[in-house]
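Protein chains: 2
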Amino acid sequence: MEIAKDVGRRTAPATLQDVAARAGVSIKTVSNVVNDYTHVRATTRAKVQAAIDELKYQPNMTARSLRSGRTGVISLAVPELSLSYFAELADGVIRAAERHGLVVLIEQTGGDRDREIELLTSTRLHLSDGLIFSPLGMDSDDAHHLDVPYPMVLLGERIFGGPVDHVTMRNVEAARAATEFLISRGRKRIAVIGAHEGEVVGSAALRLQGYREALAAAGLPFDEALIGPTGLWHRHDGLVAMKAMLDRGVEFDAVFGLNDTLALGAMRVLQEARYKIPDDVFVMGFDDLDETQYSLPALTTVDPGRAEIAEMAVKVLLDRIGARGSRSQPPLQHLTEFAIRERESTG
Amino acid sequence: MEIAKDVGRRTAPATLQDVAARAGVSIKTVSNVVNDYTHVRATTRAKVQAAIDELKYQPNMTARSLRSGRTGVISLAVPELSLSYFAELADGVIRAAERHGLVVLIEQTGGDRDREIELLTSTRLHLSDGLIFSPLGMDSDDAHHLDVPYPMVLLGERIFGGPVDHVTMRNVEAARAATEFLISRGRKRIAVIGAHEGEVVGSAALRLQGYREALAAAGLPFDEALIGPTGLWHRHDGLVAMKAMLDRGVEFDAVFGLNDTLALGAMRVLQEARYKIPDDVFVMGFDDLDETQYSLPALTTVDPGRAEIAEMAVKVLLDRIGARGSRSQPPLQHLTEFAIRERESTG
DNA sequence: CTGAAAGCGCTAACAA
DNA sequence: TTGTTAGCGCTTTCAG
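Residue numbers (this note's numbering), protein chains in the order written: chain A, 1 to 347; chain E, 1 to 347.
Check the hints yourself; a few may be wrong.
For identical chains, the list gives no copy identity; a pair is met inside one copy or between any two copies.
To be verified - With a straight-line cut-off of 35 Å between C-alpha atoms, the simulated DSBU-like cross-links for lysine-lysine are:
hint, residue 1, residue 2
1, K56, K276
2, K276, K243
3, K315, K47
4, K47, K28
Calculated from the structure, these hints are not laboratory results.
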């Protein structure tokens, strides 16, 4: 931001020129001091520093950016911050970026395919050094749109094999582990909330696949009646899907919400219907939202390594930014570690 | 972001110079076309536009910013996005900013006083045009730190009468209205969850004041036993405070959570203890979080005008940015409209 | 209607 | 160790 001083009357901010004049040295010397260049005589440095303090000089970041070609800003594009998962992801990215001396500009796409595609070519985020992009509306057919002329890191499970670095969680393995966890606790009829019919890629499909793998490995049958589809993954959807399943009179001894929000919604319906959790039924979520620690009972869930996703996304992006111009490496896929967070909802 | 083209081999992005050369005109003419300057001959415009397309020219925002003194970026500083209230606030600010052609950079302070103060003088956000600041750790004693040399808008209830524009909700009136709503429905013993002992300013104090005013106006006694203090305003705090009140055997016919998160936590405990909501007890929240529409029962709450807060904050900030250098107006306080959102938890 | 040129504030090569 | 100077890419007087 532009600097001015004195209350009421605004003065033009001090420049390197001003400081140089004040200190009786050249502009280069001031620049050296500001940038902690080593070869500056101590007395000179002190003199310049004094001038800097008196004039309350602060470097003009815009000018610096123009000169250096870097802004120190990265962009993060998510569907919407109102969804806890993305809010917590953004939180993680901001923290990780801060550790690397970067600052984060956030765009919301609403999960709309067209807006996502438009964003990629938008001139709006052109003063950031790169983009961390979490698409929701685009799918693998749109992957070519990801071939953008600036550093980008892709997040999530909508698109695989695109032309950019990709950081994502081990959805299949994690869902399989979650299901195995339930099976190991003696559960045999595990309902799933949040399936997307006919989807082959995407979080829902991958997690459902993990679920099926676990059943198969344990020799348990896959029962279509235990699959509760939902359109979106909001709490309300979990609520409705669970209610529908109860109404159908399906028997089950555990519920696996494909994300925490769904699981919390389902849990609510179960308790309303007088099911005891975990006595009558186990409930498992996915995402490890903050909230799951505080629900009643606290929700057992899969920690997809969100902190690691954020940290790695920033790191990978930074690597690409640093590699500008050099013969670039082929896009890599980075998978994060997951862990089951065992809480009260599973015994 | 820097533009390059061709897969694999990165080329320097096209500049105005390049386009001018390609089109056989001067750089000024290209600039005119890019900026939709009116007095350009149609044929010239077409010629230039062709060159722009061929070279995939995109203006360098950094250079433009240096020249114009504006970046089109504003910063938003909040405690943390993991708290739904701030995530939804950020959502609103991003949307409002977008309507004004601005983009938003988000900083997290953790609600820590020292970090908040440090942020205000940090050089990190110097490439934004202004700041929307929602402090949580600072208090009125720190108000002088808000006298910064760049446009700023203050949000929230921590500091009043500071040297900057302030956008805030009508806490006292809104809490009073909420309480009156409960009273009008026949409630006489209204428990409060989330009070902060000894606080005189801040959301908790103001909302408690509104509660007391409503009681007084209705001729109802203020009973200290009905006040449930909490340190923070997380779901868990609501849960604990409600539990404590039940353990103390206090009688009540309504619960007013000073924010939604508290109310949802309290609601959970009540249901666990077999209270029927709203049959046995009414529950009222404050904030109108998205989630309150989907809880069971859906939570009646106060909509503090968050969308309006976001919109107004951006608008006021933009006014200040525009008024740079001119004799500035004294700081103003802007109060938003509130509304009771009546849902299932109150009958 | 279009061109020439100055300069936003800074960094960095090159000189001294 | 410090000074001089040429741009980074753009907007914007001022001429023509």
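Homomeric proximity label, K47 with K28: Cα distance no greater than 35 Å: within (14 Å within a copy, 43 Å between copies)
35 Å Cα threshold - placement of K243 relative to K276: Close inside one copy (16 Å) and across copies (19 Å); limit 35 Å.
Identical-chain pair category, K56 with K276, by Cα at 35 Å: neither (64 Å within a copy, 62 Å between copies)
Alpha-carbon proximity context of K315 and K47, limit 35 Å: Neither, since 38 Å and 43 Å both go past 35 Å.
In summary, the numbered hints that this structure violates are 1 and 3.
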